[in-house]
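**Q** Following the hints, complete the assembly by docking chains B, C and D onto the known chain A.
Protein chains: 4
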Amino acid sequence: MNRWDNFLAPYRQAVEELKTKLKGLREQYELSSKHTPIEFVTGRVKPVSSIIEKAKRKQIPLDQIEEDMLDIAGIRIVCQFVSDIDTVVHMLSEREDFAIVEERDYVKEKKESGYRSYHLVIEYPVHTIEGMKDVRAEVQIRTLAMNFWATIEHSLNYKYSGEIPVDIQRRLERAAEAAFNLDEEMSKIKGEVREAQEIITKKREENKPDN
Amino acid sequence: MNRWDNFLAPYRQAVEELKTKLKGLREQYELSSKHTPIEFVTGRVKPVSSIIEKAKRKQIPLDQIEEDMLDIAGIRIVCQFVSDIDTVVHMLSEREDFAIVEERDYVKEKKESGYRSYHLVIEYPVHTIEGMKDVRAEVQIRTLAMNFWATIEHSLNYKYSGEIPVDIQRRLERAAEAAFNLDEEMSKIKGEVREAQEIITKKREENKPDN
Amino acid sequence: MNRWDNFLAPYRQAVEELKTKLKGLREQYELSSKHTPIEFVTGRVKPVSSIIEKAKRKQIPLDQIEEDMLDIAGIRIVCQFVSDIDTVVHMLSEREDFAIVEERDYVKEKKESGYRSYHLVIEYPVHTIEGMKDVRAEVQIRTLAMNFWATIEHSLNYKYSGEIPVDIQRRLERAAEAAFNLDEEMSKIKGEVREAQEIITKKREENKPDN
Amino acid sequence: MNRWDNFLAPYRQAVEELKTKLKGLREQYELSSKHTPIEFVTGRVKPVSSIIEKAKRKQIPLDQIEEDMLDIAGIRIVCQFVSDIDTVVHMLSEREDFAIVEERDYVKEKKESGYRSYHLVIEYPVHTIEGMKDVRAEVQIRTLAMNFWATIEHSLNYKYSGEIPVDIQRRLERAAEAAFNLDEEMSKIKGEVREAQEIITKKREENKPDN
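Chains as they are written, first to last, in UniProt numbering: chain A, 1 to 211; chain B, 1 to 211; chain C, 1 to 211; chain D, 1 to 211.
Chain A extracted, bound-state conformation (with noise of 0.2 Å):
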């Protein structure tokens, strides 16, 4: 096992772990004749030349980045509307299998770049070949809305290291609008359609066939 191998294996465990719990909830949820607030889950380890370059950006020690670095195991939950981002943030508080150590609300208040999302940095234990490790983990957010544009912004920064070019910034600022318009218009329309999806859930319980 390599030096990378070896230090990333319990991120690599934890993102399994998280995303196999949070796949559950969605299922049970979509199991009972309730709205669920998740729509879905993903989850990555950052790629070793990603670590490597933010290291360097960010001017941490490679000896540091265990503490330093806390988005290097990243898991993301995209929910429907807006107000899903609250529910999801409550029941992760609630939880006893991690503790949240960090919390940023960029729905509230969006960055200069108009991107919003909600961060937790949470402390989840792992149990390894080697014995019990506290993983950091970075949970973010997000509307499909909000998800939709941050992949897009993320793109460009990369490719002008951060300085995007004012024009393009301009058309960025457009689509961040067009996004943050359809979470509105959809937030207006919410109650019916979860209404609508309790009844189609309980219908297709009432409707099973007997086999």
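Derived from the structure by calculation, the hints contain no laboratory data. Honestly, I wouldn't trust all of these hints.
For chains that are exact copies, the list does not tell them apart, and a pair is met inside one copy or across any two.
[To be verified] Below, computed lysine-lysine pairings styled on BS3-like, alpha-carbon distance capped at 25 Å:
#1 LYS19 <-> LYS46
#2 LYS159 <-> LYS34
#3 LYS46 <-> LYS23
#4 LYS46 <-> LYS56
#5 LYS46 <-> LYS34
#6 LYS190 <-> LYS159
#7 LYS46 <-> LYS202
#8 LYS58 <-> LYS202
#9 LYS188 <-> LYS159
#10 LYS23 <-> LYS190
#11 LYS56 <-> LYS202
#12 LYS202 <-> LYS159
#13 LYS111 <-> LYS46
#14 LYS54 <-> LYS34
#15 LYS188 <-> LYS108
#16 LYS111 <-> LYS159
#17 LYS34 <-> LYS133
#18 LYS19 <-> LYS133
#19 LYS202 <-> LYS190
#20 LYS54 <-> LYS202
#21 LYS188 <-> LYS110
All figures in this text were calculated on a predicted structure; none of them were measured in a lab.
**A** Frame of chain A, contents of chains B, C and D only:
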């Protein structure tokens, strides 16, 4: 094996195989330094209760559903940009492992409801334990914004059995416009984003540590 | 959500999480250059029909099965060598994410039928959409040969409702002996094989092309 | 995409598709009330380091490995009974989604080392993002006991670079005999077990609760 399990087994198999094939394409794009036209792929077999209900509604006798119900197996391919849809359709039409038997372009000509998507019906040969069988499957190709809206509309349509009240109809239209706008804004920024994504994947390959 | 789905949801979740955790250990062993004591891991929730039948047979009232039926959630860990079983049991007893509440060693003291396996009952905390819940699960640890035989015996036992005819009983005993012999021969070659496996994984790491 | 990733992409895709197809057959057998000849299916693409090493050993120039190395993509089908092997071979030879280009029966004629397995080389068409490509894959079909022994022998062979010392050779032979005996004893009880398994799955279907 009960009647329904027996009837649905080849459909389940077709959905699994098509998901493996299409997700494989996405992974190949990610490994290459090309923009991937496939954001994600999902698939499902229609629940028995929905098959029965649709058969009643459309007055299809149960012994005719294999011929007349074309969406028992369903695959959805979701794209980042509107122009990716054409790329995907072209790629699917070149394949030799299934035949396209129907094609409907609700992107150029959206449905009255506001629904936009590109639909294909394919005929896909499956090997089951009882021999080979041609299975029909519906493939829906759409952007993230189209997908988002369609999910909402589907729920409401279901709730009101196709007769959505006028005020909700109007809110739904505004949401459709917001989704359309997001797609438009994204299109304007498309070239930039594609180029950025290609740079990212190239960098990642170059920077791969040697271990 | 019907009664059974509701009752079984936490068991399903526990099985998924335990599989992710234990398969993760196996992968960590594979990445390291150590012999892995875990050949493979499977898990299942007992089918409702089997729960009902067992409840009848053992005269457990349905409102008592949560307390009295300990194998509704089942995990099986299969090992290459008999001595791996102890390694796995030790590793599980060190974990802090569940408690071992019962322990039965049918390896040292095989059952009259010839059955060999190490059984643990654990109490595992699951977070569901309705809050936290302690779930009991049975963990069976056995070699490939023990597993092979046990599968066969289970089928025959079921067929004859526990009263296997004498001639088949005898054939089953000879199969148990053959399985036992295989385990014995494997034990004699164990040290050699372990060493060889460690060499292989080390070589693989060293020879990894730099891309 | 580096050279090796590029070269191996169609092999990876072939392995994924073949696993989906063959695991699907197993699931269909399980749903039916028939004995399944497939116990489990695994697949792997040969690690780059092993490809390079084998090319050196067998003196295959690197630009010839596509033609001359037939096990870059590998599928393994493991069976409960020796007679299941023929059932699987027959089933594969009937399929129209690949062609069998080579066939070796090391079950009837075991290798000098004691190795037993049925080998097929198939040619499987894969659609990649660069078009269609015929990929060769080796399919190994064997019982659990054959598989167990082969794993061990592979490790030792590797350790001693094909020249296993006489005393270890002898222990390996005794293990091969023990594995062969287990297969023999299992064959004698086969009819009984198959019948029992069919009874179990039938019962399970009948007893399914109506929900």
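**Q** It remains to establish, for every hint, whether it holds in the given structure.
**A** Cross-check of the supplied hints:
| no. | hint | in the structure |
| --- | --- | --- |
| 1 | LYS19 <-> LYS46 | both (15 Å within a copy, 24 Å between copies) |
| 2 | LYS159 <-> LYS34 | between (42 Å within a copy, 15 Å between copies) |
| 3 | LYS46 <-> LYS23 | both (20 Å within a copy, 21 Å between copies) |
| 4 | LYS46 <-> LYS56 | within (15 Å within a copy, 35 Å between copies) |
| 5 | LYS46 <-> LYS34 | between (34 Å within a copy, 20 Å between copies) |
| 6 | LYS190 <-> LYS159 | between (36 Å within a copy, 13 Å between copies) |
| 7 | LYS46 <-> LYS202 | between (40 Å within a copy, 16 Å between copies) |
| 8 | LYS58 <-> LYS202 | between (51 Å within a copy, 22 Å between copies) |
| 9 | LYS188 <-> LYS159 | between (36 Å within a copy, 17 Å between copies) |
| 10 | LYS23 <-> LYS190 | within (23 Å within a copy, 31 Å between copies) |
| 11 | LYS56 <-> LYS202 | between (54 Å within a copy, 19 Å between copies) |
| 12 | LYS202 <-> LYS159 | between (48 Å within a copy, 11 Å between copies) |
| 13 | LYS111 <-> LYS46 | within (22 Å within a copy, 42 Å between copies) |
| 14 | LYS54 <-> LYS34 | between (41 Å within a copy, 24 Å between copies) |
| 15 | LYS188 <-> LYS108 | within (18 Å within a copy, 28 Å between copies) |
| 16 | LYS111 <-> LYS159 | within (19 Å within a copy, 38 Å between copies) |
| 17 | LYS34 <-> LYS133 | between (36 Å within a copy, 20 Å between copies) |
| 18 | LYS19 <-> LYS133 | both (18 Å within a copy, 19 Å between copies) |
| 19 | LYS202 <-> LYS190 | within (18 Å within a copy, 41 Å between copies) |
| 20 | LYS54 <-> LYS202 | between (48 Å within a copy, 17 Å between copies) |
| 21 | LYS188 <-> LYS110 | both (21 Å within a copy, 23 Å between copies) |
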